[in-house]
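Engineer: Residue numbers (the numbering used here), protein chains in the order written: chain C, 1 to 170; chain D, 171 to 814; chain S, 815 to 1303; chain Z, 1304 to 1835; chain B, 1836 to 1938.
Treat the hints as calculated values from the structure; they're not laboratory data. A couple of the hints might just be wrong.
Said to hold, decoys possible - Once the Cα atoms are required to be at most 25 Å apart in a straight line, the calculated DMTMM-like pairs of lysine to aspartate or glutamate come out as:
#1 Z/K1738 to D/E379
#2 S/K1298 to S/E892
#3 Z/K1777 to Z/D1629
#4 B/K1935 to C/E88
#5 S/K967 to C/E88
#6 S/K1291 to Z/D1497
#7 D/K336 to Z/D1629
#8 B/K1935 to S/E1165
#9 S/K967 to B/D1929
#10 Z/K1701 to D/E335
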Amino acid sequence: MNPGQLTLYLFVFTAIISVLVMIFTRTVFYAALALTVCLISMAGIYALLYAEFLAITQLVIYAGGVLVLILFGIMLTNRISGKPLITESHHVIKSAIISAGMFLILLVTYQKTSFDQSQSAPAPGNHINKIGIELMSNYVAPFELGGILLLVCLIGAALMASSFKKNDHV
Amino acid sequence: MTETIHSAASLWLALSVLTIPLFSALVCFVISEKFAWLSPMVSSLLLFITFICSAFLFFQVGDSHALTYSWPWFSVNENIIRASLLLDKHGLIMVMVVSLVSFLVHLYSIGYMAEDQALIRYFGMLGFFTFAMLGLVMSSNLLILFCFWELVGFSSYRLIGHWYEKQEAAKASTKAFLINRVGDLGFLIGLMILWSWLGNLDITYLNLETIPTFWLTTAGVCIFIGVIGKSAQFPLFHWLPDAMEGPTPVSALIHAATMVAAGVFLLIRIESLFTENTLVIISVTGTITAITGAIGALFQYDIKKILAYSTISQLGFMVMAIGAGAAQGGFLHLLHHAFFKAGLFLGAGAIIHAMHQAYHHQEGNVDVQDIRNLGDLRKKIPITFITFMICSAALAGLPFTSGFVSKELILTQMNEWSGNAFSWKWLVILGAWVVTLLTPVYTFRMVWFIFFAKSKHNVEMVEVPIVMRLSMFVISMSSLALLITFKPFHILTIINVLMSLYPNTSHLITLLSTLILLIALVSAFFMYKNYELKDQNKFLTPNLYLDWLSDYAFKLVLQFAILVHWFDRKVIDKIINGLTYLQVGIAHVTGWSDRYLVDGVVNGMAYSAKGIGSVTRSLANGKIQSYLLWAMAGLLIFILWILY
Amino acid sequence: MNDPLQHIFESVSLLIPEVIITASLIITILLGLILKTNKHVILKTLALASYGLAIFIVLHHLPTTSTLLFGGMIRIDEFSSYFKFLFLTGGILGVWISGPQKENSSAEYFLLFHAVILGSCLLASSMNFIMVILSLELISLSSYLLTGFGFNKKSAEGSLKYFLFGTVATACMIYGISIIYGIAGTLDFSSELFLKNLIALSSPLLLIAGLFTLAGFLFKITAVPFHLWAPDVYESAPTPVVAFISVVPKLAGIAVLTKFTLAIHLFGQSGYNWQVILSVISLLSILIGNLSAIAQTNPKRMLAYSSVAQSGFLLVGLVAFGMDGIHFMLFYSTVFLVMNFLVFNALNQFENSYGELGIQSLAGLGTLSIIPSLAILIGFVSLTGLPPTAGFTAKLFIFGSLWGAYQQSGELILLVLFVIGLLNTVISLFFYLKIPYYLFIKEKKETANSIKSDVAGNLLSLILVIVLFYLFISPDKLMGWINKITFVL
Amino acid sequence: MRHLLSYLIFTPLLAAVVGLLIPATQKNTFRVFALLISIIQIVIMVLIALHYEHHDGIQLSERLPWISMDLGQWGTMKAEYFVALDGLSFPMVALSVAIISIAVISSWTIEKNQKGYFILMLILNGAIMGSFCALDFLLFYVFFEFLLLPMYFLIGIWGGPRREHASIKFFLYTLLGSILILIVIIALYLSFQDPTSGKVLVHTFNMLHMQNPENIIPGSILSIDSTDLLGPYSYRLWAFLLLFIGFAIKLPAVPLHTWLPDAHVEAPTPISVILAALLLKFGAYGLLRFAYPIFPDGAIYFSWLVGFVGVVSIIYGALNALSSKDLKRLIAYSSVSHMGFVLLGLASITVEGVTGAVYQMFSHGIISAMLFLITGVLYDRTHDRLIANYSGLASKMKVFTGFVLIAFFASLGLPGLAGFIGEVMILFGAFLSQKANGLLPIWMAIVATFGLLLGAGYYLWTIQRMFYGPFSVKIPAAEMNDLNHREYVMLLPLAMAALFFGVLPQTLLNFINPFAQQFVEALFKSASFINP
Amino acid sequence: MSDHTLLFALGAFLFSAGLLIVLTKKNAIMILLGIELMLNASNLNLILFNRQNPTTYEGQFFALFVILVAVCEAAVGIAIILKAYHYFHTSVPDQFSDLKERN
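Next comes chain C alone, as it looks inside the complex (with noise of 0.2 Å):
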């Protein structure tokens, strides 16, 4: 067990640890938190996986952005009542049978999978490099259309969130 392995189990665990947090917590902006510290381990898994710029990506965009733009939705949720966001749990049994069916689905279909599990270490040189020219040459038509997407959504959103009227609480 070298030190790498041990940091992948510590990531690993918690991850798990932040995910039955998010199952379990009433409370959405714990659970928003627990969130958070659940994809930051996944990028410390990422880098372990020589994955660094998607590491960084996920720090930044997903810990920076996203998240705070759902605690910035949490609040404003929230303003009316004041008090902390509660959520109930319904559909428990059910929904546990599914998700678990799922998982146990998954693992066992695994298990007869047989993969290529080389763990051949990366080619060597900036990764980071080979991705932006990459990005730019045999990956520019989604990168294009992943602008288009951003900006779409963008004016739509804005679009939504802004357009209220006092008339049309109907």
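Place chains D, S, Z and B on chain C using the hints.
Structural biologist: Below, chains D, S, Z and B without anything else, positioned relative to chain C:
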């Protein structure tokens, strides 16, 4: 050359005989209401022409061999159904009889129906009936014959229901047609059998060797079922008494002289078709009918009903004769019966008509057809009395009348047929003799209470109009053997052609039948002399041993009659009615099942479609997470289903 | 560095329709900021013009041989071109029936329209899961937003439900794709490598991954079991939007589903019988869609279920797994587009005159507003699949190909699908006739007044009806065109 | 002259389009217009009759390519616009022209939305003509489906109080039947090839090709050497069964008949007339034209079933008629009974039976039209159809009663009227069957004869209750006038026809005979080809 | 248990947990969080499987675009939730029930 002219002439005659009555019917229906009074004259005239034509036709063809004419009617499967005329001796004699009686009835109706509102319909249907009846008699193709057979039934239906405002008339007409239809089904099945084996239905070309005996017998029996319906044989006879709801001339023409005789005529026409077994069935049926009819006639109060039962009995007698090998006798009796029974009905009509006229000014409702209300009429309406008496004598089989002649012939022929060894045939013979005994008895009873017994009501009566008297006179004359034979005890009928075929009757039989007749008349006389008819039959005190015997016999016979009547009314009628009710009942059940079962299944399918739909719809309860739940569950189930 | 750049430029030159739409999209944003008055008219004209131009280019200037662009991300071929033609036509029809927007949001409205069309065009031609995901998301997110354009309570609710359901489906799909990637080692599902690896490693995991991926597509085409959002969304969204999103994204989904299933079917070498899986999905969609539609009282909800059933019918063409099946599916798609817009156009006219409608409130309007009523009647007759409309021809063809497939494979489920599918026509009659029944047979209410005359709407109805009849009388013209399409994965 | 049939079919359809352009305010022009079209059609029909020759082939045929498309691996699919007449369709087309003219006259009293009504009538007219003339299975199907919709609206808008229910029921049932037929059509077209096309595999809907079992593509599911079974039967037998059920719904045969009484009771008189006289014929027509020739093996295998259904329909329909309290319902059930005869005749597969079946189709067309017009006459006066509410009509409405008698007695099979010939031929055929080809047991023919008895029963009972007895009508305000001129004009030709075809059946049999002989002969020939 | 298996199992766990949250939690924002978890599970898979052929970056790129998608979804989602909150004064989707089957 002469042959062609001869046959061409007879063809034209035959066609005109056939079409003039139809023309008469058409004329009647075309005449507008304003000129309705014309129709009796015109149609009677036309029918007279028909009669003349038929007479000419008869003498034209004479005793030459039968003539046939045929035209293709339609073809199917390369078999051509030909509309064909068969002019043979039997047929032509029937044509004569039909046209004569029909003419006389037309004539009679001028007077009888003078005050009727629907003359057009009446004379139209009479004409149509005559056409159909003549067609029946002349056609040689069984399918065509069947067509006319049904058309005859149709006109009978219309004429019985002539006074349809009366519920009884309406019901009787329906009943008559329906019961006839039952018989017709048998006829039709017989035709189906013949067609399937022969592919041809022309009587003159039936190639009977190709049919297996079983099927031949079945076909014969089936066709005989048709005869049972039409000729009012046991067990389908009870429509005939009901049919008396129609106008009396109609009863004379259709339900005594012609239509009901069509069955007997048919039996003679297709005699070659009958196997031994068929003949047995025919003779037994005839016997039962004859006896039942005679007993029935013995206990009726309504003149027309008595005559109706008597007709049943006589028809049974003829059928029995044909079944028992006395076809010629049967045919002869058919002719004679046509005249004397028509005469009786016309006489009864005259009585009813006269009584109606008499009661017209009096108050109260008296059933003028009930013999209990009649009596002592012989002086009031003498001409009617005379004609009625002549015809009654013929019915009873008194010597010097036509009835005697044919009865003798039948008994003789049956005697030969039965042989010397005892067999079931003797029972048939016995039946014949019983009928011979009973016929004079009920005839006497009828005549006695109409003309001789003391009358309860004393009313002034006048004779019926001249046209009615004229036709009654003609018809009764034709029942007198004196006019048709010169030797009353030695049979020689008018028609020499026919006579040449007939064997002589034995004197023994003549003697015997005369004896029976005497016994019958004498005992009847003593029985009814001081007898008063009441609702409950009260019998004379037995002052003589004979009286007691006859009384006892009467009681016995009465019980049997009541039983028969009960049987007729309760069982057969109930069975038929019951069948109708049952049909209606079943129909209601099927109607119900139609509504609730068949429809229910279909609607149920629709409902269940909706039901399933509502289950699937209920998933859409508006809650997004249950949508997701169901979707994911579906996915999971799908995975599990594919995997395992 | 020169070569890739060259390739990119070449690629862009073959993507002119998409470029036109993107340009139009950007101009729309700019104009939305600049213009103060007549915004709607100008933007509508712009949209129509750009779609028209794009159609022209699609029909006349695209290569007929299949060409790979952007390093295999996108492939231009006749199959995708035909779908682009359909999307753009759908776009034109959708824009045509769109009225002025509330809240002065015309620019955003047309922007989202453009985005959906752009996404659909790219989806139909993408050959790589990355492109699939991105274009699918472009369509989906724009559709969620479009659904909210009623700017009322209902609309917001519908939009939220649509969003939640859609994102979960997308998440499933992405997860599925990630596993497929793990097995295949590539995201390019048309490549040799993909085929080779999948055949080499046939595992139940692949089945699960495939089904997870299907979930996203099934969501897009509203097939069972991912159809539950449809009634709520259809009911809440503005009618022109429903007309649009019930056709274009669905057809885009069908396009990519075709490619995906053909890929995962591995030319029949897959360890799992995808034919059976698709047949069951198709069968369930037809059954559940039709049965649920029976008791609906809201016309749009009813049409949502009808749309579920129509997806089932579209899938029937796919189930045949043959070129002719795909051809007939293309024919059916075309007819579906026409008849769906015919119905929604008429419904839209009614709504414009009478406001939100239940089916009952249509009672007796048939004689008052004869053209929309006749249009709706013909549209429903066609949706039911009765002659003399193209709906009949389409159904005949598609089930003909199914019978052919059955004759070849002898798979019993295909026969079941064949019989049940056709018998469902009878069930569908129950509800398809409901609206004409209320329109023509029910007595009208006292208060009903005549419909506003709407020349553009009536003209559109007339054109669509003529197309429906024309495609019935002479389907071979269109089929001749479709038959030329050769499609190789 | 070469396109007479097309003129016949498309004149009313074009007229419907023209009618759309006439403003709805021009109320009474529509009925004149519709009548005019009917007269034009009668003229065309006369021309057709003049060009028709009595032999067993098809005549006046017109063929145009319709759909022709490449199916890739499946070859080419070909459907044609192929119309022609033969001994089966000629009587039907002639009947249709006559009945529709009379229905138009009968529609004279329609007041509600005349434009819509007469346009739908014209569409119906064209679709009926097209269905009877089409010899391409797909073309037939298209025309046939096409007539459902106008019918639905005609019942649904102009019908009686429960019209909605009835129209939906009508549509659903018949559509169900059509779908079953469509299933077989699809299966068929991939199994038959056009022999004239040379080496290219061309799938065809052409009836002339489908009738010849040599054109079945070997190896297709419906091919004659296929041994695959689905459950108890081979695919060919299933296909026949589906066609049979599909057409039996239209016929209608018990137990699939329940739409009929409802549809009839609620439909307006002219529509009932068309429904009974023409639409019911499509069931039998379809069996004769399509099911039997294409699947002779199925026809022979299931002849017992077909005959049994026929017999049950005869008896069951008659019993129901007997218990009906509503005159129109009674007549509707009598149709079930009479169409049962057609089925029985067909099942026998004898020349007599088939001839009788076609004859019965024709005569039932005339008679049922008359019967429904009669109920219409009563309904117009009192708006009441319950038998129990009438009595003694004969004394008030003399001419009317005359027509009633003709119609009733024609329907119960009185010789001399049209109903008799067909029924007798059918019974002869059914009885002959056991001896000739061993298909039907004898008892079927015998039981069927009881249908005649029951028929007489319910008709006579109806006459007794409604027309005989003392006059009374339940609706007090009703004026029971005798027939007016318009009603007279409608009923007289029908009565004459009933009489004419009863007395001179050969005029019609000249058309039917060659067809029936060729039908039976060809059927057994191809059956022996299929099962040597 | 190899790292590969462990990480796949972690992915599956994240996915299932995300699904569980999506299905059970009543708050729309929680559902959004669950979806993020599910997307992360995919990303983990992608990166894990990318190591099998490290010469290309396909998996990583895909993961990158998935993050992009997640961002867009979050943005749109929050906007829509806010909009709905504006009308319903709650972010519990179950209480939005204007749209459902009416019988």
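Engineer: Give a verdict on every hint.
Structural biologist: Hint by hint, here is what the structure shows:
{"no.": "1", "hint": "Z/K1738 to D/E379", "in the structure": "holds (17 Å)"}
{"no.": "2", "hint": "S/K1298 to S/E892", "in the structure": "holds (9 Å)"}
{"no.": "3", "hint": "Z/K1777 to Z/D1629", "in the structure": "holds (14 Å)"}
{"no.": "4", "hint": "B/K1935 to C/E88", "in the structure": "holds (22 Å)"}
{"no.": "5", "hint": "S/K967 to C/E88", "in the structure": "holds (24 Å)"}
{"no.": "6", "hint": "S/K1291 to Z/D1497", "in the structure": "holds (22 Å)"}
{"no.": "7", "hint": "D/K336 to Z/D1629", "in the structure": "holds (24 Å)"}
{"no.": "8", "hint": "B/K1935 to S/E1165", "in the structure": "holds (20 Å)"}
{"no.": "9", "hint": "S/K967 to B/D1929", "in the structure": "holds (14 Å)"}
{"no.": "10", "hint": "Z/K1701 to D/E335", "in the structure": "holds (13 Å)"}
No hint from the list above goes unmet by this structure.
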